[in-house]
Amino acid sequence: MSAKSLASGFLFSTLIVLPFFLVVINLGFLFVHLLTLFAVVFVFLLALWGFLTIVFFYKTLSTYNNSTKTPLSRMMWQDGLILAFIIFTVGIVVALRLLPAL
Amino acid sequence: MLDMLKRYKKVFLVLAIPYAVVLFALTYRIDYRISTPGDLSPIADFFELEGEQTFPQENPFYSVYVMSVDRPTTFQYLLGRVFPSLSVGELPPSREHISDRANFESGQVARRSSLSSSLIASLQREGYEVDYEVRTVLYLIYDYAEHDGLRIGDHVKRINGDENVFDAAQDAPCGAESEFEILRDDELRTYTARKLERDDACTFGFVLREEEVITDIEIPYTVKESLIGGPSGGLMQALYVYNAITETDLSAGYTIAGTGTIDRTGQVGTVGGVREKVITANRRGVDIFFVPHSEARPHNYNTAVATKEEFGFAMDIVGVETLTDAVNHLLSLQGGKDDE
Chain A
1 MSAKSLASGF LFSTLIVLPF FLVVINLGFL FVHLLTLFAV VFVFLLALWG FLTIVFFYKT
61 LSTYNNSTKT PLSRMMWQDG LILAFIIFTV GIVVALRLLP AL
Chain B
103 MLDMLKRYKK VFLVLAIPYA VVLFALTYRI DYRISTPGDL SPIADFFELE GEQTFPQENP
163 FYSVYVMSVD RPTTFQYLLG RVFPSLSVGE LPPSREHISD RANFESGQVA RRSSLSSSLI
223 ASLQREGYEV DYEVRTVLYL IYDYAEHDGL RIGDHVKRIN GDENVFDAAQ DAPCGAESEF
283 EILRDDELRT YTARKLERDD ACTFGFVLRE EEVITDIEIP YTVKESLIGG PSGGLMQALY
343 VYNAITETDL SAGYTIAGTG TIDRTGQVGT VGGVREKVIT ANRRGVDIFF VPHSEARPHN
403 YNTAVATKEE FGFAMDIVGV ETLTDAVNHL LSLQGGKDDE
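Here the protein sequences come in this chain order: A and B. Per my numbering, residue 1 is the first one in the first sequence, and the count goes up by one each step. Per my numbering, residue 103 is the first one in the second sequence, and the count goes up by one each step.
Quick caveat, the hints were computed from the structure, so don't treat them as lab data. Treat the hints loosely; a few may be bogus.
[Said to hold, decoys possible] In silico DSBU-like cross-links for lysine-lysine, where the CA-CA straight-line distance does not exceed 30 Å:
| no. | chain 1 | residue 1 | chain 2 | residue 2 |
| --- | --- | --- | --- | --- |
| 1 | A | Lys4 | B | Lys111 |
| 2 | A | Lys59 | B | Lys108 |
| 3 | A | Lys4 | B | Lys108 |
| 4 | A | Lys4 | B | Lys112 |
| 5 | B | Lys326 | A | Lys59 |
| 6 | A | Lys59 | A | Lys4 |
Take the sequences, apply the hints, and build the full model.
If you want it as structure tokens, here you go:
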């Protein structure tokens with residue numbers, strides 16, 4: 001069930017954030033002087049992607065196992081935010097190192 | 103999740119249509135070119151002069167780079183039509199059949215060549231000895247070219263045994279293989295390429311051009327790696343060199359940028375993307391912007407002045423035909439920015 005839930009979570013979160021990623025990439029090529037801003041937004045979207053993947057993962061899991069609905073719901077927000085924080089922090093550090101090279 | 107999908111099936115189906123339209127607009131590429139403002143590059147980022155004959159420079163001189171988005175997405179195209187700082191045009195036929203890699207590599211060759219021309223023009227103007235030889239290099243290889251390993255930047259010594267490579271390329275038989283003797287990394291190599299019928303002409307699918315290669319120079323210099331390519335920084339490079347070898351600081355407190363190719367005699371040549379370069383220079387607080395201008399080719403200067411007027415920029419647009427024009431203009435401002 002976990003693998004199926006993870007796949008669903010990944011699919012739904014991707015469907016949601018994909019257009020936003022594409023908008024940022026499209027804009028980034030046109031407005032180079034705002035590259036730093038777009039890089040931050042890009043990293044934010046990566047974090048959002050991770051967060052939504054976790055949220056949808058637990059949501060799907062809870063539909064398969066109703067008895068654990070409450071603890072899963074708590075874990076959903078907790079794990080989602082932790083993952084988003086890690087992705088955002090690492091992403092910002094990497095972006096700040098890469099940007100001067102561009 | 104599946105329950106949710108089933109429950110809101112109609113909503114998802116209705117949303118799928120605008121979703122598909124948005125994805126299409128963000129990914130489908132069309133045959134246009136969008137030119138966008140870029141940024142300033144200090145000339146010192148490209149190369150550095152060394153030795154006791156050089157003087158420290160107060161302000162760096164800047165070249166300006168702009169970005170070209172070839173085959174933009176539909177969304178980018180629409181933005182290009184809305185924002186006045188972006189220019190939308192047809193994709194030039196000269197850019198067709200050129201890969202991004204080939205485009206980048208030929209830009210690097212052009213930059214390398216323009217560095218040599220700038221050094222020769224500035225140093226010889228001040229009476230320094232510069233020895234150089236003129237070589238023919240492969241400047242561009244189109245996607246459709248048939249060859250067995252030639253590379254952009256190769257020094258072409260002979261084609262079919264003939265040292266006059268431009269004539270030899272012209273005279274090479276159509277449909278048959280020709281032998282290219284090239285120098286790469288100080289090693290002589292031989293490759294073959296076939297001339298092909300294309301658009302009512304017979305061509306190898308190469309562009310050859312001459313470039314100066316400095317063999318001996320009084321003032322040593324170091325060329326730095328850069329992702330920015332193209333020959334349009336030539337004039338500003340020449341000014342940077344001239345400023346480095348003369349005691350007077352030409353910049354006089356001004357922020358000076360410009361665009362224009364340069365040849366070894368100091369003649370300034372026209373470039374593309376002038377409108378976006380002027381916008382970029384203004385964004386970065388440039389005081390003086392040099393642009394190519396001659397009676398025969400006034401279009402760069404006219405574009406620069408028109409852009410300045412359109413946006414109400416305060417910076418000075420200075421049209422120049424030669425390196426000497428640019429030097430004289432800066433010498434005339436020697437009172438400095440603070441004295442104005």
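Verification of the hints:
1. A:Lys4 - B:Lys111: holds, 20 Å
2. A:Lys59 - B:Lys108: holds, 15 Å
3. A:Lys4 - B:Lys108: holds, 17 Å
4. A:Lys4 - B:Lys112: holds, 24 Å
5. B:Lys326 - A:Lys59: Violated, at about 54 Å.
6. A:Lys59 - A:Lys4: holds, 12 Å
Violated hints amount to a single one, hint 5; each of the other numbered hints is respected by the structure.
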